[in-house]
Amino acid sequence: GAGVSQSPRYKVAKRGQDVALRCDPISGHVSLFWYQQALGQGPEFLTYFQNEAQLDKSGLPSDRFFAERPEGSVSTLKIQRTQQEDSAVYLCASSPLVAGGYEQYFGPGTRLTVT
Amino acid sequence: QQQVKQSPQSLIVQKGGISIINCAYENTAFDYFPWYQQFPGKGPALLIAIRPDVSEKKEGRFTISFNKSAKQFSLHIMDSQPGDSATYFCAASMQDNAGNMLTFGGGTRLMVKP
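Sequence order for the protein chains is X and Y.
Position one of the first sequence corresponds to residue 34 (my numbering), numbered consecutively onward.
Position one of the second sequence corresponds to residue -4 (my numbering), numbered consecutively onward.
It is worth saying that the hints were derived from the structure and are not from the lab.
Keep in mind it's a predicted model, so treat the numbers as computed, not measured.
Virtual Cβ for every residue (Gly too), placed ideally from N, Cα, C.
There's no promise every hint is true.
As the list claims (entries may be wrong) - Some chain X residues judged to face chain Y by a derived CB distance under 8 Å, without partners named:
1) L72
2) Q74
3) L124
What the hints assert, rightly or not - Under the rule of at most 30 Å between Cα atoms (straight-line distance), these lysine-lysine pairs were calculated in the BS3-like manner:
4) Y:K0 / Y:K52
5) Y:K37 / Y:K108
6) Y:K63 / Y:K53
7) X:K111 / Y:K37
8) Y:K63 / Y:K52
9) Y:K52 / Y:K66
10) Y:K37 / X:K44
11) Y:K0 / Y:K37
12) X:K90 / Y:K37
13) Y:K0 / X:K90
14) Y:K52 / Y:K10
15) X:K47 / X:K90
16) Y:K63 / Y:K0
17) Y:K108 / Y:K53
18) Y:K10 / Y:K53
19) Y:K37 / X:K47
20) Y:K108 / Y:K52
21) X:K90 / Y:K66
Build the full structure now, drawing on both the sequences and the hints.
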């Protein structure tokens, strides 16, 4: 079956531009997570959705980062006024469980490069 | 605050050898400890996981050893193969209001030489 998909796979943005990264979770999955993975590092939690509700956004590094999941399926991570330190791979993961950490499926990620 | 520390950062093993990756955690509230495998250009994929009520779990060539008192756990890959060459991440999770989000270690890049 189809896994988690993300688009675009690669994005190059000039400093100061806004970007939008899309995540299509596995159909029917309740939980959706966004993680940021810097080069050579482990993924770090950004935000969590249970259906359309954003229950935790404590990992978002600044108010330039915004995420939504309006209909409880597709999610978009938006970064405004991109900075060089935003360069990373952004991973989306979904889970059929409310306690999503116990069974999490990752997408391939979007590699963002800010020049 | 790095709650999960992983070592070594890189590891080279001969084909057929045993690969061992170690992790240590700080928060005793963690109740789920998975290992993820990541190939270049791909997202992490769950390999094997353990809960703190058991000391060892084995699935095929992969074994997790868990030491609750030391707050440490490790991944053993027996009969390592070139196809195992990837980056491995340990992680930890606990019941909270963030859907039990995962806290990852820094990763270990494993290379298995033929």
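The hints, checked one at a time:
| no. | hint | verdict |
| --- | --- | --- |
| 1 | L72 | violated (11 Å) |
| 2 | Q74 | holds (6 Å) |
| 3 | L124 | holds (6 Å) |
| 4 | Y:K0 / Y:K52 | holds (21 Å) |
| 5 | Y:K37 / Y:K108 | holds (22 Å) |
| 6 | Y:K63 / Y:K53 | holds (17 Å) |
| 7 | X:K111 / Y:K37 | holds (21 Å) |
| 8 | Y:K63 / Y:K52 | holds (14 Å) |
| 9 | Y:K52 / Y:K66 | holds (16 Å) |
| 10 | Y:K37 / X:K44 | holds (16 Å) |
| 11 | Y:K0 / Y:K37 | holds (23 Å) |
| 12 | X:K90 / Y:K37 | holds (24 Å) |
| 13 | Y:K0 / X:K90 | holds (23 Å) |
| 14 | Y:K52 / Y:K10 | holds (23 Å) |
| 15 | X:K47 / X:K90 | holds (26 Å) |
| 16 | Y:K63 / Y:K0 | holds (15 Å) |
| 17 | Y:K108 / Y:K53 | holds (24 Å) |
| 18 | Y:K10 / Y:K53 | holds (20 Å) |
| 19 | Y:K37 / X:K47 | holds (25 Å) |
| 20 | Y:K108 / Y:K52 | holds (26 Å) |
| 21 | X:K90 / Y:K66 | holds (28 Å) |
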